[in-house]
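2 protein chains.
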Amino acid sequence: MDQIFRQARTYSGWRDAEVSDVLLEAIYDLAKMGPTSANCSPMRVLFLRSKEAKERLRPALDAGNVDKTMAAPATAIVAYDLEFYEQLPTLFPHTDARGWFAGKAAKIEETAQRNGSLQGAYLIIAARALGIDCGPMSGFDRAKVDAEFFAGTAWRSNFLCNLGHGDPERLHPRSPRLEFDAACRLL
Amino acid sequence: MDQIFRQARTYSGWRDAEVSDVLLEAIYDLAKMGPTSANCSPMRVLFLRSKEAKERLRPALDAGNVDKTMAAPATAIVAYDLEFYEQLPTLFPHTDARGWFAGKAAKIEETAQRNGSLQGAYLIIAARALGIDCGPMSGFDRAKVDAEFFAGTAWRSNFLCNLGHGDPERLHPRSPRLEFDAACRLL
Numbered sequence: 001m002d003q004i005f006r007q008a009r010t011y012s013g014w015r016d017a018e019v020s021d022v023l024l025e026a027i028y029d030l031a032k033m034g035p036t037s038a039n040c041s042p043m044r045v046l047f048l049r050s051k052e053a054k055e056r057l058r059p060a061l062d063a064g065n066v067d068k069t070m071a072a073p074a075t076a077i078v079a080y081d082l083e084f085y086e087q088l089p090t091l092f093p094h095t096d097a098r099g100w101f102a103g104k105a106a107k108i109e110e111t112a113q114r115n116g117s118l119q120g121a122y123l124i125i126a127a128r129a130l131g132i133d134c135g136p137m138s139g140f141d142r143a144k145v146d147a148e149f150f151a152g153t154a155w156r157s158n159f160l161c162n163l164g165h166g167d168p169e170r171l172h173p174r175s176p177r178l179e180f181d182a183a184c185r186l187l
Numbered sequence: 001m002d003q004i005f006r007q008a009r010t011y012s013g014w015r016d017a018e019v020s021d022v023l024l025e026a027i028y029d030l031a032k033m034g035p036t037s038a039n040c041s042p043m044r045v046l047f048l049r050s051k052e053a054k055e056r057l058r059p060a061l062d063a064g065n066v067d068k069t070m071a072a073p074a075t076a077i078v079a080y081d082l083e084f085y086e087q088l089p090t091l092f093p094h095t096d097a098r099g100w101f102a103g104k105a106a107k108i109e110e111t112a113q114r115n116g117s118l119q120g121a122y123l124i125i126a127a128r129a130l131g132i133d134c135g136p137m138s139g140f141d142r143a144k145v146d147a148e149f150f151a152g153t154a155w156r157s158n159f160l161c162n163l164g165h166g167d168p169e170r171l172h173p174r175s176p177r178l179e180f181d182a183a184c185r186l187l
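Residue numbers (the numbering used here), protein chains in the order written: chain A, 1 to 187; chain B, 1 to 187.
None of these hints come from the bench; they were simulated from the model. Be aware that one or more of the hints could be misleading.
Note that the list lumps identical chains together, so a pair holds whenever it fits in one copy or between two copies.
What the hints assert, rightly or not - With a cut-off of at most 20 Å between alpha-carbon atoms, the simulated SDA-like pairs for lysine to any residue come out as follows:
| id | residue 1 | residue 2 |
| --- | --- | --- |
| 1 | K54 | R185 |
| 2 | K144 | E169 |
| 3 | K107 | R156 |
| 4 | K104 | D62 |
| 5 | K107 | A63 |
| 6 | K104 | F140 |
| 7 | K54 | N39 |
| 8 | K51 | L186 |
| 9 | K107 | R49 |
| 10 | K107 | T95 |
| 11 | K144 | M1 |
| 12 | K107 | S12 |
| 13 | K54 | G13 |
| 14 | K51 | A63 |
Given the structure is predicted, the values throughout are model-derived calculations rather than measurements.
Model the full structure from these sequences, guided by the hints.
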């Protein structure tokens with residue numbers, strides 16, 4: 001619990017240590033086990049590791065996110081597939097779940113966003129559980145990322161997440177969270 | 001990792017064992033530490049424990065979700081606050097983050113949905129880490145829930161999550177997940 005929640009931090013500075021492809025695969029293989037609605041599993045991930053791939057991302061980044069992203073060993077474009085429901089005959093085979101979505105754009109979008117975000121959180125937690133620090137970010141131009149990396153596909157970017165071994169010397173003090181009574185009610 | 005991902009399951013059947021208020025608070029206190037964009041923390045949670053509260057939820061549930069929800073020791077209405085940005089002077093004090101959102105309905109909605117869903121996933125993982133089983137659900141009428149529980153507020157329901165001690169005898173075999181090569185790409 002300390003490793004995944006209490007002592008984990010969002011990092012901007014990175015130590016010079018690679019994240020192997022085997023480890024990226026292990027992170028996904030853990031995250032994929034988290035629950036989604038009707039097992040719809042809409043998250044898709046593009047892992048950028050090479051300098052060339054990072055340079056393609058650079059023009060889409062908010063100014064404050066450029067240096068840390070370029071320095072990170074890997075950056076995940078956490079996306080979702082608007083055609084996720086085509087996988088439902090395999091993922092949820094005991095009924096016609098595909099029919100719940102086909103042709104229903106608003107329901108597709110809502111389901112992909114909600115469940116793709118749940119899975120994005122599982123990815124962050126899985127990375128931390130495996131000893132990899134995260135730097136998730138929303139500060140980028142989604143349309144530019146989609147045009148650059150996902151043109152002609154049904155994948156859409158959701159958020160970015162730098163991955164690596166964080167440099168604790170570049171952390172700021174932790175920001176406060178809302179107390180239980182400010183965010184929760186009991187009935 | 002087994003407890004939060006590999007062996008954890010979505011439960012429909014519940015053993016007759018309460019979930020105390022202290023434990024619900026502990027679940028939130030762990031989940032709140034997970035990262036959100038600019039620490040915006042839009043998730044709000046209404047925990048339903050009493051028979052009366054559950055009965056108010058019943059008319060909004062899809063038929064297939066009624067029995068298991070009525071039987072669960074607690075049901076969380078995982079929601080988000082469309083006025084989350086009013087907390088930013090406290091949560092992200094070093095700049096005027098409130099100004100990034102005030103008056104921008106589309107950005108507010110997108111940020112609340114994405115980060116409220118990330119936090120919903122943290123809540124599921126936190127519950128499991130503390131030994132509580134989850135039954136998350138999207139099968140309900142969000143407008144009905146909002147009218148019944150959140151009228152006159154800026155809270156909006158996102159998904160439901162039953163909480164308790166799951167009955168493993170009522171589990172089905174685990175559904176398959178997408179393999180790495182089906183969901184991820186390396187660049």
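Outcome of the hint check:
1. Taking the shortest Cα distances, K54 and R185 sit within 20 Å of each other only across copies (14 Å), while inside one copy they are farther apart (44 Å).
2. In this assembly of identical chains, K144 and E169 lie within 20 Å of each other by CA distance neither inside one copy nor across copies; the values are 33 Å within and 49 Å between.
3. With identical chains, the CA atoms of K107 and R156 are at most 20 Å apart both within one copy (15 Å) and between copies (17 Å).
4. For a Cα distance limit of 20 Å, the shortest separation of K104 from D62 across copies, 18 Å, qualifies, whereas the shortest one inside one copy, 33 Å, does not.
5. Proximity of K107 to A63 under the C-alpha cut-off of 20 Å is restricted to the inter-copy arrangement: shortest distance 19 Å between copies versus 34 Å within a copy.
6. For a Cα distance limit of 20 Å, the shortest separation of K104 from F140 across copies, 17 Å, qualifies, whereas the shortest one inside one copy, 28 Å, does not.
7. Taking identical chains as interchangeable, the C-alpha atoms of K54 and N39 are never at most 20 Å apart, the minima being 32 Å within one chain and 25 Å between chains.
8. In the homo-oligomer, the alpha carbons of K51 and L186 lie at most 20 Å apart only across protomers (13 Å), although the nearest pairing inside one protomer, at 50 Å, exceeds that limit.
9. In this assembly of identical chains, K107 and R49 lie within 20 Å of each other by CA distance neither inside one copy nor across copies; the values are 33 Å within and 30 Å between.
10. Within a single copy, K107 and T95 get their C-alpha atoms as close as 18 Å, which meets the 20 Å cut-off; across copies the closest is 36 Å, which misses it.
11. Taking the shortest Cα distances, K144 and M1 never come within 20 Å of each other, neither inside one copy (37 Å) nor across copies (36 Å).
12. When the C-alpha separation of K107 and S12 is checked against a cutoff of 20 Å, the pair qualifies neither within a copy, at 35 Å, nor between copies, at 24 Å.
13. For the homomeric pair K54 and G13, the shortest alpha-carbon distance inside one copy (16 Å) is at most 20 Å, but the shortest distance between copies (47 Å) is not.
14. Taking the shortest Cα distances, K51 and A63 sit within 20 Å of each other inside one copy (18 Å), while across copies they are farther apart (52 Å).
Of the numbered hints stated above, those contradicted by the structure are hints 2, 7, 9, 11 and 12, listed in ascending order.
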